[in-house]
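Engineer: Sequence:
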Amino acid sequence: MGVANWAHDEESDEHACPEGRTLAFCGESRRVSDLGYESAVRTYEREDCSGCSRRARCSKSADPDFPKRIQASPALNAFKSRAGEMLRTEAGSALRKRRSVDVETVFGDVKRNLGFTRFTIRGVSVNIVFTIFANVFSPIAPTRFRRIRQRGCAAFGA
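Each residue of the sequence shown is one higher than the one before, starting from 1 at the first, in the UniProt record's numbering.
Since the hints were derived computationally from the structure, they do not count as laboratory data.
Some clues are possibly wrong.
[What the hints assert, rightly or not] Under the rule of at most 30 Å between Cα atoms (straight-line distance), these lysine-lysine pairs were calculated in the DSS-like manner:
| # | residue 1 | residue 2 |
| --- | --- | --- |
| 1 | Lys-80 | Lys-68 |
| 2 | Lys-111 | Lys-97 |
| 3 | Lys-97 | Lys-80 |
| 4 | Lys-97 | Lys-68 |
| 5 | Lys-80 | Lys-111 |
Please put together the full structure from these sequences, using the hints given.
Structural biologist: Written out as structure tokens, the structure is:
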């Protein structure tokens with residue numbers, strides 16, 4: 001159960017779960033990402049969630065006495081809300097439409113039709129493998145779509 005849409009009371013600095021129970025602020029820590037970005041993370045906790053109907057979906061802990069904890073980054077939340085505002089504008093809507101045509105079609109085809117869902121390597125090797133894959137995929141894509149259309153696939157209007 002994601003906490004992104006949980007209510008946050010700025011005055012008392014508490015989060016409220018979907019059941020209306022509050023999680024109080026209990027501390028702040030600093031995190032440094034792999035790229036060196038430092039961010040502040042605030043931790044909220046509720047000691048007692050007994051009797052909650054959503055406990056099994058909300059908590060990953062098998063121990064019923066384990067407190068529910070969530071972490072929130074105010075800076076990340078600000079970036080996300082700003083991005084959401086920008087995407088809801090007319091220009092943002094046009095960009096979303098263009099992305100669905102330009103990018104998602106290719107990734108969908110690569111994942112679904114070619115069965116390429118994950119890399120088995122990490123690091124710089126992934127960039128090399130994906131570059132090779134993209135160069136091989138580019139010339140075969142139009143040919144594959146032409147063959148599918150000739151076979152009379154309903155998805156392509158044939």
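Engineer: Now tell me, hint by hint, if it's right for this structure.
Structural biologist: A quick look at each hint next to the structure:
no.	hint	verdict
1	Lys-80 / Lys-68	holds, 24 Å
2	Lys-111 / Lys-97	holds, 21 Å
3	Lys-97 / Lys-80	holds, 20 Å
4	Lys-97 / Lys-68	violated, 39 Å
5	Lys-80 / Lys-111	holds, 27 Å
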